[in-house]
Amino acid sequence: MLLIHCPYCDETLPEVEFTYAGEAHVMRPEDPSAATDEDWHAFLFLRDNIKGVHFERWRHVHGCGRFFNAARNTITDRFLTTYRAGAPRPDPGTLTEGGE
Amino acid sequence: MTAHADIPPPGTLIRTAAARIGITAAPGRLSLRARDGLGALGTALGIDLPGRIGGRAGRDAIEAMCLGPDEWVLLSPPEEVAALLAAGAAVYAAHPHSLVDISGRETTIAIDGPRAAELLTLGLARDPAGIAPGDGRRTYFDGQTVILWRDGETRFRMDVWHSFAPHLLGLLDTGCRELAAEAP
Numbered sequence: 001m002l003l004i005h006c007p008y009c010d011e012t013l014p015e016v017e018f019t020y021a022g023e024a025h026v027m028r029p030e031d032p033s034a035a036t037d038e039d040w041h042a043f044l045f046l047r048d049n050i051k052g053v054h055f056e057r058w059r060h061v062h063g064c065g066r067f068f069n070a071a072r073n074t075i076t077d078r079f080l081t082t083y084r085a086g087a088p089r090p091d092p093g094t095l096t097e098g099g100e
Numbered sequence: 001m002t003a004h005a006d007i008p009p010p011g012t013l014i015r016t017a018a019a020r021i022g023i024t025a026a027p028g029r030l031s032l033r034a035r036d037g038l039g040a041l042g043t044a045l046g047i048d049l050p051g052r053i054g055g056r057a058g059r060d061a062i063e064a065m066c067l068g069p070d071e072w073v074l075l076s077p078p079e080e081v082a083a084l085l086a087a088g089a090a091v092y093a094a095h096p097h098s099l100v101d102i103s104g105r106e107t108t109i110a111i112d113g114p115r116a117a118e119l120l121t122l123g124l125a126r127d128p129a130g131i132a133p134g135d136g137r138r139t140y141f142d143g144q145t146v147i148l149w150r151d152g153e154t155r156f157r158m159d160v161w162h163s164f165a166p167h168l169l170g171l172l173d174t175g176c177r178e179l180a181a182e183a184p
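As they're listed, the protein sequences go chains H and C.
For the first sequence, this note's numbering assigns the number 1 to the initial residue and increments by one for each residue that follows.
For the second sequence, this note's numbering assigns the number 1 to the initial residue and increments by one for each residue that follows.
It is worth saying that the hints were derived from the structure and are not from the lab.
Each hint should be verified, as a subset may be incorrect.
[To be verified] Estimated spans, in silico, between C-beta atoms of each pair: (1) C:G11 to H:P29: 52 to 62 Å; (2) H:M1 to C:G58: 27 to 37 Å; (3) H:T19 to C:A40: 45 to 55 Å; (4) H:D48 to C:G11: 27 to 37 Å; (5) C:G68 to H:E30: 47 to 57 Å; (6) H:T19 to C:G11: 20 to 30 Å.
Cβ atoms here follow ideal geometry from the backbone N, Cα and C, with glycine treated the same way.
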């Protein structure tokens, strides 16, 4: 089982308290009615399938209830860091496995 | 308070050498969501709302626990729910928040005894030692979200939604017997 650090509770907890919530930093267009069909389609449906460091959303659903972001290495399935929603994406070069 | 066909009335359900499982008298429950003006809200409710997740505070027979960055649960005697709602409503205009009576939602299971913490590991994915006496958490117990109150080293209360209570009571009952049946 994965152990995940919740940046709101500031505790490292078992994976069963959390749910995965897809790719992080997907920005909704400011003015949806001005977006082209292609842009809207890409926003709704197109996601990266990264081999390596993936930025993704998680939710501490059986705990504080908050969404937050995480960087996880999809090869080793290890978390590099977790950070609060709204915080900028960290530079992958500064992250190491096992960091919190 | 609605009676539920599958949930026994308040009282002790099982007592073994390991632990005792019971159901508490149904308290009034309130859910509070608020982002700003916590000081004023706390003053209105008469509770210094804890800011740390899992932290608890209270006055008289009223208890509050912080569940998330903007979420608290309040337990009070049922007859005081109306007064708490009114106190919240009085400051609503200046400090918007959500204070909702959820008294009809949950059953509280009391778990105490020398091996109560060990009994909880039956369904708790996290380490009970991570919850200090006097604290609590909303967490996950054998498939359900529960609110766990740790009142002492070996005393716990667990708030569970009614529909999950018969299953969890059965599980805890089995666990109580198993622990007691172990060779000393």
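Evaluated hints:
1. C:G11 to H:P29: 52 to 62 Å: Given about 58 Å between the Cβ atoms, the range holds.
2. H:M1 to C:G58: 27 to 37 Å: Once the Cβ atoms are compared, 35 Å apart, the range 27 to 37 Å for G58 (chain C) and M1 (chain H) holds.
3. H:T19 to C:A40: 45 to 55 Å: violated, 34 Å
4. H:D48 to C:G11: 27 to 37 Å: Distance hint for D48 (chain H), G11 (chain C) is violated at roughly 56 Å.
5. C:G68 to H:E30: 47 to 57 Å: violated, 29 Å
6. H:T19 to C:G11: 20 to 30 Å: violated, 36 Å
Comparing the model with each earlier hint shows violations of hints 3, 4, 5, 6; every other hint is respected.
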